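Number of protein chains: 2
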Amino acid sequence: MHFGVLTAALFTLQDIPSTPVNSSDSLWLWIAMGVGVLALIAAFVLARIVLAGDTGTAEMQAISNAIREGAEAFLSRQYRTIGILAVVIAIVVFFGYYLSPRTQDVALKTVIAFLVGAICSGLAGFTGMYVSIRANIRTASAARTSLNKALQAALRGGAVTGLVVVALSLLGVGALFFFFGGLDHPRQVPYQLVGFGFGASLVALFAQLGGGIYTKAADVGADLVGKVEAGIPEDDPRNPAVIADLVGDNVGDCAGRGADIFESTAAENVGAMILGAALYPVFGIKGILFPLIVHAINLVASIIGVAVVKTNDTEDPMSALNRGFYVTAVLALAGFATAVYMMLNGPGVQPMYLLFCGIIGLATAFLFVWITQYYTESKYRPVKSIAEASLTGPATNIISGLAVGMETPAMPVIVISAALLLSYYCGVQGLAGFPGISDYAKGIYGTAIATMGMLSCAAYILAMDTFGPITDNAGGIIEMSNQDESVRDKTDKLDSAGNTTKALTKGYAIGSASLAAFLLFSAYLEEIKSIVTAKVSAAGSAGYMPPGWSFTNINLAEIPVFVGALLGAMLTYLFSSLAIKAVGRTAQMVVKDVRDQFRENPGIMAGTSKPDYARCVSIVTGAALKEMVLPGILAVGLPVAVGLIFRNFSSTYGAGSEVLTRNGILNVPTINGVPVNLGGASAVAGLLMVGTISGILLAMLMNNGGGAWDNAKKWIETGQYGGKKSDAHKAAVVGDTVGDPFKDTAGPSLHVLIKLLATITLVLAPLFL
Amino acid sequence: MHFGVLTAALFTLQDIPSTPVNSSDSLWLWIAMGVGVLALIAAFVLARIVLAGDTGTAEMQAISNAIREGAEAFLSRQYRTIGILAVVIAIVVFFGYYLSPRTQDVALKTVIAFLVGAICSGLAGFTGMYVSIRANIRTASAARTSLNKALQAALRGGAVTGLVVVALSLLGVGALFFFFGGLDHPRQVPYQLVGFGFGASLVALFAQLGGGIYTKAADVGADLVGKVEAGIPEDDPRNPAVIADLVGDNVGDCAGRGADIFESTAAENVGAMILGAALYPVFGIKGILFPLIVHAINLVASIIGVAVVKTNDTEDPMSALNRGFYVTAVLALAGFATAVYMMLNGPGVQPMYLLFCGIIGLATAFLFVWITQYYTESKYRPVKSIAEASLTGPATNIISGLAVGMETPAMPVIVISAALLLSYYCGVQGLAGFPGISDYAKGIYGTAIATMGMLSCAAYILAMDTFGPITDNAGGIIEMSNQDESVRDKTDKLDSAGNTTKALTKGYAIGSASLAAFLLFSAYLEEIKSIVTAKVSAAGSAGYMPPGWSFTNINLAEIPVFVGALLGAMLTYLFSSLAIKAVGRTAQMVVKDVRDQFRENPGIMAGTSKPDYARCVSIVTGAALKEMVLPGILAVGLPVAVGLIFRNFSSTYGAGSEVLTRNGILNVPTINGVPVNLGGASAVAGLLMVGTISGILLAMLMNNGGGAWDNAKKWIETGQYGGKKSDAHKAAVVGDTVGDPFKDTAGPSLHVLIKLLATITLVLAPLFL
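For the record, the sequence lines run as chains A and B.
Residue numbers 1 to 769, in this note's numbering, belong to the letters of the first sequence in order.
Residue numbers 1001 to 1769, in this note's numbering, belong to the letters of the second sequence in order.
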């Protein structure tokens, strides 16, 4: 049977007899789910170990409790807000599906998947944060005795987040696949999981936006009024905003990035399963379950990687963390190779090529991390050039930082381009034995395997990332409770390693978002094809489906697609602008409150009375939650608006239909002789793809520019160009402050935006047709 | 005869019998050319009038002479550099064409067109500058007696640039059309003119880059060492860099923007003629000559507009300039309407709709100018918010300015989207009487008419723009020659109006570049179609051409197109980064030289001896010319590299061929049964389109962000937030300095880059196949 016809006929649930699945193949689902459960248990054990640690002096506990209360208060209010938004969107999605006759049967499933995705993401964020805000004081306390103990406490605390995030993504997708009948209808059910990715994205968007606004508003506000106006050092307990600043590290870096990576793995799981379904004739259900197995490997490798990390009191903690990462990467690669040879194999398949796709993905991750280091570490040219430019004042520091930021996308874009081209090529070669399948489908599957390869160490990377805010908090607790200099040295070392890991994971996150983007486009195109096929088939004899038709034509030369592309790129700029302005406004409220507190209570500066930390925390919480709504609604609303507008007006512009029929041969699907209107779907695809490209570049500019400014300041503080208090340092502080909302609010929120665009278009595709 | 088949057969010069052109129709060519010659005469007369003006005191003359010598020295060295590059590129283009059998016959014509375009652009730049560096002192001298005389001297000096630029573009295209035999082969010759646009683009790129680097390096360098280190005011004659700064205004703003608009009109003329050729069955040669007539109208309307401008000593000069603009716009519109009804008319055409396209273009120009005002004038929220943020220091000033900059693309993108959709719609409606022509071709022609409408006031706009550097220079001459306070008041008024016009023209330039971009894409697609058609037809019976085939499929879902798109967007960032860094490096050389001069000759600061202005001018000249080469080569090299790489490797990735044949129906052109490889052409199109989108947005960010910073500083100087010398003012100066290379180097260079990408791909299209 011709493959094109076969896939064309595949996607109407009603019409296709269920495909009996070899029960030994479905075992893979249970293996993956089993590992997921074990990983949760491991996370629980790790959490118990961390929580059993010593909690230091009463003074330290008081500080830690204040952070914990602030973080938990923010999270609970944030989740309430997100919950309300999620329910509203769930209702919209449900009726969106229900209004289209073809999708009525999946309406409820999509909403269930959406809610499960949202809840799992929330749960993962909450659990990770629950542990990390308790790990901070244990790390601080351990630093009083041994660097190794402190390092292990922080990394293990971080590992809880890493394991819970990946395991819940795996279990959520796996469970939905099973309960939706995936073992009976393996080729249809992956499409019904798109809601899971969207739910994860939605929570991630608000978690990252709200957390990002919170953390930088508190940071900038505390610095402006504390360091600049009052002349007190960072983390000084007299500063009423100091606790809000420490809370921010948790809710921004920890909960935010956790939600970001949860979304990445969720979207990648679902997208790769959809592409696996398109290759069902080659791999059967094993191709669909492969992404889940990859994440099971990811979990096992990461647990071992975390377990082997130990250090002594003289070593740079970063070396110990890197050792753990290398162990994880080698194990993940070995596991990946085994999985490829066991699952993606068979007559006509050359698994070597497919394994090579995975290696390309892993290599891409390494290169992204290396490029991020090059642009943000003080030993290389970019940071040095910013530090040197600080000699002539803040203006040249800023110009130089922006120039570095604009340079940063060049190398990553070349790496991503090479990775896409190579993995596509390997996909085509690896499946060359199937002449009936288009090279396009084979190549795209190659890029999907590369994405899985890149994400195959995600749990360890996330552990390293969450290590950052834990050590940052530990340092703050030590600083505020006036511990010994030698203890402070240890936490400073850890804090510095934490800053590095935070920067590197940002490189990793944007790299995986870039690679996953192409996978998600392809899934979107498959989704549109599946809906059109079902529509035409539902029309019975009035419908005509050209043999082997696919929706793979996102033609930039069509006006609606071009307009969609323009709007998509514009969205990334406007969204960033709103996020940055939100930080500015919220920071002003912090400044105002701190000034008020200093005025109302002169005892604070004298050190005779305590500032009201909670008041400041509560103000930032309220403002950040309010500010996250507008950019969030813009991100959700614009793609929907474009899809709906061009669905209704596109026939005027001939998008997706007229251009295809212009040659006089009917090669578009028709119902009653009228071509199916693909204008809305095409315009949205243009928005998605060009929005993604623009978002990736802008995020790199902001993340790396911000990181470079930060480290230029730190480098000057080591004594370069006059060291602390020199004019160069003052100029560098300006750059650092500018970089803060770039690298910790707008940049990371753009990662999430890119993936949200992909998942929202996947879920709402039926509305655009 | 079916239109598709007709156009498919059109484009091989050898095969098609010449189409006899109605001689009354060819009269339009002579009318347009005649007006072009008259406009040159008018420019000559205007120049005579301006040059007849009084040249002030000996002290003023000494300053003016120094500016003139510096500007002329720069221009002559710059043109030598550009000349060498142009000859090298001409040779490459010639052999590029000559290696492809189909294009051998046009190889020489393309090179001739390229060189004519480059020479005309250089000539226009040189003439405009020749007059404006002489108009500055006449303006300064006139300001000693009457504001009206000064205003008229400056505007008329600027009008010489405006008229020469538009007239040379018109005459160059018209003459080439005639000498290449356009009256005999009207449907083929427009394709042979693409070299003219490329020549103009190449000169414009280097003129804008070199001039932009020069002007801002001198400005930033002079400020850093003069205002900040030595504590002397702007334009103080003791500053050795002050003449270089004034020279910079001429070579950057005046010669640079002149080349930019020359390129816009040239590219628009050629692109619109190609689209006119595609609609030959409807309008005949009149559709091809229409763009030339529009520019003839532009010239007449602008001459009258300039002539009516007069003011009195109390009025805001901006009101007088605006009156002239309104007169020009009304006349241009009336002329445009007449031309539409006389030329774009006939059975089946509804000229009302086509006129409406032109109105849409003009309205777009107005809206762009209004939006630019909104974002850059101190009476609106954005500038006010930056000024307010300056209260908390330079960091918040910068954050706020960047947030404003990132917000700016939103409204223009919506305007451009609406303009594209509406003009496309009107194009389809206006030509609804021709069922044989695809809606796509009709709609695209509608967008082309809108672009012509937008550019129909270009000469006046350019006069207003060149008014800026002339009044800026006049102010500097008055300042340096210690004139009376009342004279200074007059030049300050003019200078302030000049700053406004400079900002507005930047809005206009980016608006026209955005709208022209779509026209140029379409011309590129037509060009590819024409080459493929010729190739297939040259293969005789071995070739197969699907009926009505067009190259209109730039499919972002194909890996090579997506990679091209990623690289195109990346190019705009890297190019901007290089331009900004070039300013920084050159400014450092200025700082060093000024410091050296102060040290070597203490009499300078004491006011007892003159600084060596020429030494500083010569240093900036050399550095700016060196620095413009790398970004220039990147801009030229990357599209060529992408085209060549994917031409050779694309078959692996199935771009432009496999996807189209996937449905099993052969709807691609083949030779010996092998599909023509369109991978290179597709990847380049992706680069072009997404590079353009990214470039437009980035340019808006930089132009408007820079303008807003500038005016926030100026607003504070009027006494807001503590006025001059307050901390808020210091913070605002930082923002202004950061904005300088944004708004005067990188932003304007991006306008040119966008158009260069379009013209280089048009010219080198044969290499990509």
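Misleading hints may appear alongside valid ones.
[Unchecked claim] In silico negatives: residues of chain B with every beta carbon more than 10 Å from chain A:
hint, residue
1, E1407
2, N1555
3, F1562
4, V1640
[Stated by the list, open to error] In silico DSBU-like pairs for lysine-lysine, Cα to Cα no more than 35 Å straight-line:
hint, chain 1, residue 1, chain 2, residue 2
5, B, K1149, A, K730
6, B, K1730, B, K1379
7, A, K227, B, K1384
8, B, K1592, A, K592
9, A, K730, B, K1714
10, A, K310, A, K730
11, B, K1592, B, K1149
12, A, K592, A, K626
13, A, K379, A, K626
14, A, K384, B, K1379
15, A, K724, B, K1725
16, B, K1592, A, K724
17, A, K227, B, K1626
18, B, K1592, A, K384
19, B, K1730, A, K714
20, B, K1724, B, K1227
FYI, nobody ran anything at the bench for these hints, they're computed from the structure.
Since the structure is predicted, the reported quantities are computational estimates derived from the model, not experimental observations.
Every residue gets a Cβ at the ideal spot worked out from N, C-alpha and C, and that includes glycine.
Right, here's what the structure says about each hint:
1. E1407: Nearest chain A Cβ is 4 Å from E1407(B), so the label is violated.
2. N1555: Incorrect as stated: the minimum Cβ-Cβ distance to chain A is 5 Å, not above 10 Å.
3. F1562: Non-interface label fails for F1562(B): nearest chain A Cβ at 7 Å, not farther than 10 Å.
4. V1640: About 16 Å separates V1640(B) from the closest Cβ of chain A, which puts it past 10 Å; holds.
5. K1149(B) / K730(A): violated (49 Å)
6. K1730(B) / K1379(B): holds (21 Å)
7. K227(A) / K1384(B): holds (26 Å)
8. K1592(B) / K592(A): Between K1592(B) and K592(A) the Cα gap is close to 43 Å, so the pair fails against 35 Å, i.e. violated.
9. K730(A) / K1714(B): holds (24 Å)
10. K310(A) / K730(A): Roughly 38 Å between the alpha carbons, so the hint for K310(A) and K730(A) is violated.
11. K1592(B) / K1149(B): violated (40 Å)
12. K592(A) / K626(A): Between K592(A) and K626(A) the Cα gap is close to 18 Å, so the pair holds against 35 Å.
13. K379(A) / K626(A): It is violated: about 40 Å lies between the C-alpha atoms, which goes past 35 Å.
14. K384(A) / K1379(B): Roughly 40 Å between the alpha carbons, so the hint for K384(A) and K1379(B) is violated.
15. K724(A) / K1725(B): holds (26 Å)
16. K1592(B) / K724(A): Measuring from Cα to Cα gives roughly 25 Å; hence the hint holds.
17. K227(A) / K1626(B): Violated, at roughly 43 Å.
18. K1592(B) / K384(A): holds (20 Å)
19. K1730(B) / K714(A): holds (24 Å)
20. K1724(B) / K1227(B): Within the cut-off at roughly 13 Å; holds.
In this structure, the earlier hints numbered 1, 2, 3, 5, 8, 10, 11, 13, 14 and 17 are contradicted, and the remaining ones agree with it.
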